[in-house]
Amino acid sequence: MKSFKIVISTLGGLLVLIIVAPLLRVLLAAAPSLLRTTVGDPEVISSILLTLRAALWATLSCIFLGVPLAYGLARWDFPGKTIVQGLIDLPVMIPHTAAGIALLMVYGREFLIGKMFAAVGITFAGTVAGISLAMAFVSLPFLVNAARDGFLAVDPRLERVARTLGASPWQTFFKVSLPLSWRSILSGAIMMWARGIAEFGAVVMLTYHPMVAPILIWERFENYGLKYAVPVTSILILLCLTIFSVLRWLATQKRDD
Amino acid sequence: MIERVLRLEDICLKLGDFHLRDIRLHVEPGTYLALLGSTGTGKTVLLETIAGVHTPNSGRIYIRGEDATRLAPEKRRLGIVYQDYALFPHLTVFDNIAFGLKLKGSPGRDIKKAVGGMAAFLEIEPLLERRPGRLSGGERQRVALARALVMEPYVLLLDEPLSALDRATRSRIKRELKRVHKELGVTIIHITHDVSEAFLLSDRLAVMKDGRILQEGAPDEMCRRPGSRSVAELTGIENLIEARVEKGRLVTSMGYADLRQPAAGMDDPPGRVYLTLPGWSIELFPAGSAREYIWQGTLTISDIRPGSGTGIVALTLRHEGGERLKTYLSRRELQAFSASLEPGMRVPVGLLAEGAYCVPHEAPR
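Chains as they are written, first to last, in my numbering: chain C, 39 to 295; chain A, 2 to 366.
Derived by calculation from the structure, the hints in this document are not laboratory data.
Please note that a few of the clues may not be correct.
Straight-line Cα separation of at most 30 Å, DSSO-like style, residue types lysine-lysine; simulated pairs [stated by the list, open to error]:
{"hint": "1", "chain 1": "A", "residue 1": "Lys327", "chain 2": "C", "residue 2": "Lys213"}
{"hint": "2", "chain 1": "A", "residue 1": "Lys113", "chain 2": "A", "residue 2": "Lys103"}
{"hint": "3", "chain 1": "A", "residue 1": "Lys114", "chain 2": "A", "residue 2": "Lys103"}
{"hint": "4", "chain 1": "A", "residue 1": "Lys15", "chain 2": "A", "residue 2": "Lys114"}
{"hint": "5", "chain 1": "A", "residue 1": "Lys113", "chain 2": "C", "residue 2": "Lys213"}
{"hint": "6", "chain 1": "A", "residue 1": "Lys175", "chain 2": "A", "residue 2": "Lys327"}
{"hint": "7", "chain 1": "A", "residue 1": "Lys103", "chain 2": "A", "residue 2": "Lys179"}
{"hint": "8", "chain 1": "A", "residue 1": "Lys103", "chain 2": "C", "residue 2": "Lys213"}
{"hint": "9", "chain 1": "A", "residue 1": "Lys327", "chain 2": "A", "residue 2": "Lys248"}
{"hint": "10", "chain 1": "C", "residue 1": "Lys213", "chain 2": "C", "residue 2": "Lys119"}
{"hint": "11", "chain 1": "A", "residue 1": "Lys210", "chain 2": "C", "residue 2": "Lys119"}
{"hint": "12", "chain 1": "C", "residue 1": "Lys213", "chain 2": "A", "residue 2": "Lys183"}
{"hint": "13", "chain 1": "A", "residue 1": "Lys114", "chain 2": "A", "residue 2": "Lys76"}
{"hint": "14", "chain 1": "A", "residue 1": "Lys105", "chain 2": "A", "residue 2": "Lys183"}
{"hint": "15", "chain 1": "A", "residue 1": "Lys103", "chain 2": "A", "residue 2": "Lys183"}
{"hint": "16", "chain 1": "A", "residue 1": "Lys183", "chain 2": "A", "residue 2": "Lys114"}
{"hint": "17", "chain 1": "A", "residue 1": "Lys105", "chain 2": "A", "residue 2": "Lys179"}
{"hint": "18", "chain 1": "A", "residue 1": "Lys76", "chain 2": "C", "residue 2": "Lys213"}
With the sequences and hints as input, model every part of the structure.
This is the structure in structure tokens:
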């Protein structure tokens with residue numbers, strides 16, 4: 039038993055180290071003076087805020103559209119359900135630059151859907167809407183899958199009882215299904231937001247400017263070298279760690295039941 | 002004419018590989034109907050079809066005379082209590098019970114009064130502020146009952162409500178159910194696989210197998226005159242002896258038996274039948290007149306097994322032809338015999354005509 043524990047702990051510990059080492063290295067590598075300057079750099083601040091905002095819009099839009107889809111996938115059997123399920127997971131599997139190209143070819147101004155949106159004043163190339171769209175495309179599986187698992191964990195009999203007690207399908211959804219699965223949905227939304235913030239490939243294809251933080255890091259690295267990319271990276275990592283730790287803590291608070 | 006509170010007319014439903022077939026059931030107001038059948042026989046699906054969770058492929062459901070076949074569950078006014086109670090874990094006991102009343106838009110004061118009244122009736126007042134996760138099985142059961150009953154349903158549907166409870170709690174909830182039925186006069190359909198539960202609680206019994214209702218009637222009548230071998234087995238008749246009819250008499254491996262009651266399968270000699278004998282119809286050291294028995298002879302005691310804490314002893318008797326019969330005696334009855342009974346002993350036995358009945362060899366379809 040002892041040797042078993044040692045092997046398991048060593049292997050697991052190694053993986054944790056693989057994740058932690060680069061993050062720690064980046065956080066410790068930034069020169070304090072450069073870090074101070076970067077924190078005060080309006081371009082960095084606006085880029086980070088833009089990233090957080092665009093990812094939030096992407097997440098909120100996908101909650102509106104993705105939660106109903108997740109509920110349908112959890113509760114109903116319909117022809118092509120497996121295909122829909124596969125399609126949901128597809129954005130995780132394809133290269134994100136490819137996803138960006140694909141989005142450009144649908145939502146670009148020269149293409150049909152892009153033209154339709156342009157007609158009502160929404161364009162995606164070079165706009166916050168484009169950034170959010172790219173972020174949403176690549177990160178929605180995290181939300182939809184987590185929400186679906188959350189709904190699956192709700193005993194359908196609770197919904198049936200609610201119906202016999204006089205609840206309409208909508209009332210049942212809002213008073214039983216949603217309150218019992220909101221933690222999973224929130225958890226998925228946090229993951230989606232996080233993944234959206236981190237997105238580079240799809241965003242860069244659709245919208246290089248205004249610059250989101252991952253593109254800014256890339257740009258500083260390309261133009262000024264590692265020394266100037268590190269402070270932006272450190273700030274982004276610290277900010278994300280703080281926000282996600284708080285949100286995760288909120289989402290995993292035990293319910294009193 | 003009394004309007005039936007619930008009428009199922011030839012309900013058929015295909016759900017995956019499962020079928021409900023030609024379900025016909027009439028339930029009168031105030032009835033306590035037990036739906037008896039083994040696991041996987043379709044009892045819960047039938048209950049959920051009544052509740053409106055599944056829509057039948059054919060047939061009609063009438064609730065208080067109105068066609069409710071396609072009526073949404075929330076408009077049927079039927080209460081359901083599931084085996085694992087299905088209490089809303091995110092709500093307190095009070096909010097669980099008040100759930101339906103709040104949806105109805107009842108004023109807060111009325112809700113408080115109704116919930117309080119029902120909680121007092123079911124003795125769960127001290128639990129009102131708790132969450133379901135902090136309740137015992139019996140408490141959850143009573144909360145689930147209160148939640149359904151507070152809506153004053155036309156029919157209360159109980160899905161194996163006692164099977165997840167320990168023995169002591171089960172006895173308490175049985176008493177509770179009897180009290181609910183008696184004092185509130187609510188119509189109850191209670192599905193169970195437990196024969197003793199069905200007989201103890203119900204005044205009507207329906208036996209189900211393979212998605213069909215095989216027989217429906219008063220429990221005692223079902224036991225005395227089961228319509229088929231399956232019904233006899235499901236209603237707990239342990240002794241089924243294969244027989245054939247010859248010139249109005251039954252020929253069994255134990256010899257001739259003079260059956261006096263007219264029975265299915267008897268009209269068409271030489272029909273193959275099963276002679277059904279409940280445990281109580283097997284009498285050791287028969288002391289009655291010959292007319293009271295359809296068969297008398299000597300059997301060997303092959304096993305004596307005391308029941309756990311019930312004071313009832315199970316006796317297995319064997320005929321030299323190989324037929325085995327099972328009967329039960331109280332310890333007092335056992336002690337009343339002059340000789341002490343033990344395995345291997347040969348004892349005179351009479352099969353009481355009152356309990357004997359014949360069912361067709363094959364269940365009618």
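Hint by hint, here is what the structure shows:
1. A hinted pair counts as satisfied when its Cα atoms are at most 30 Å apart, and Lys327(A) with Lys213(C) does not qualify at roughly 54 Å.
2. Restraint check for Lys113(A) and Lys103(A): satisfied, since their Cα atoms lie roughly 10 Å apart, inside the 30 Å limit.
3. Simply put, Lys114(A) and Lys103(A) have alpha-carbon atoms about 13 Å apart, close enough for the 30 Å limit, and the pair holds.
4. A hinted pair counts as satisfied when its Cα atoms are at most 30 Å apart, and Lys15(A) with Lys114(A) does not qualify at roughly 43 Å.
5. Between Lys113(A) and Lys213(C) the alpha-carbon distance is near 20 Å, which keeps this suggested pair within the 30 Å criterion.
6. Restraint check: the Cα-Cα separation between Lys175(A) and Lys327(A) comes to about 28 Å, which is no more than 30 Å; the hinted pair holds.
7. Between the alpha carbons of Lys103(A) and Lys179(A) the distance comes to roughly 28 Å, so the proposed pair stays at or under 30 Å and holds.
8. For the proposed pair Lys103(A) and Lys213(C), the alpha carbon gap of about 11 Å is at most 30 Å, so the pair holds.
9. Between Lys327(A) and Lys248(A), the direct Cα distance comes to roughly 28 Å. Compliance with the 30 Å bound is thereby established for this hinted pair.
10. A C-alpha spacing of about 26 Å is found between Lys213(C) and Lys119(C), which places the hinted pair at or below 30 Å, so the restraint holds.
11. Taking the CA atoms of Lys210(A) and Lys119(C), the gap is about 33 Å. The hint is violated against a cut of 30 Å.
12. The hinted pair formed by Lys213(C) and Lys183(A) fails the criterion: a straight-line CA distance of about 33 Å is larger than 30 Å.
13. Under the criterion of a C-alpha separation no larger than 30 Å, the hint pairing Lys114(A) with Lys76(A) is consistent with the structure, at around 24 Å.
14. For the hint pairing Lys105(A) with Lys183(A), the CA-to-CA distance comes to about 27 Å; that is within 30 Å, so the pair holds.
15. The hinted pair formed by Lys103(A) and Lys183(A) meets the criterion: a straight-line CA distance of about 27 Å does not exceed 30 Å.
16. Between the alpha carbons of Lys183(A) and Lys114(A) the distance comes to roughly 22 Å, so the proposed pair stays at or under 30 Å and holds.
17. Under the criterion of a C-alpha separation no larger than 30 Å, the hint pairing Lys105(A) with Lys179(A) is consistent with the structure, at around 28 Å.
18. Distance restraint check for Lys76(A) and Lys213(C): the Cα-Cα separation of roughly 18 Å lies within the 30 Å cut-off, and the hinted pair is therefore satisfied.
Of the numbered hints given earlier, the model fails hints 1, 4, 11 and 12; all others are met.
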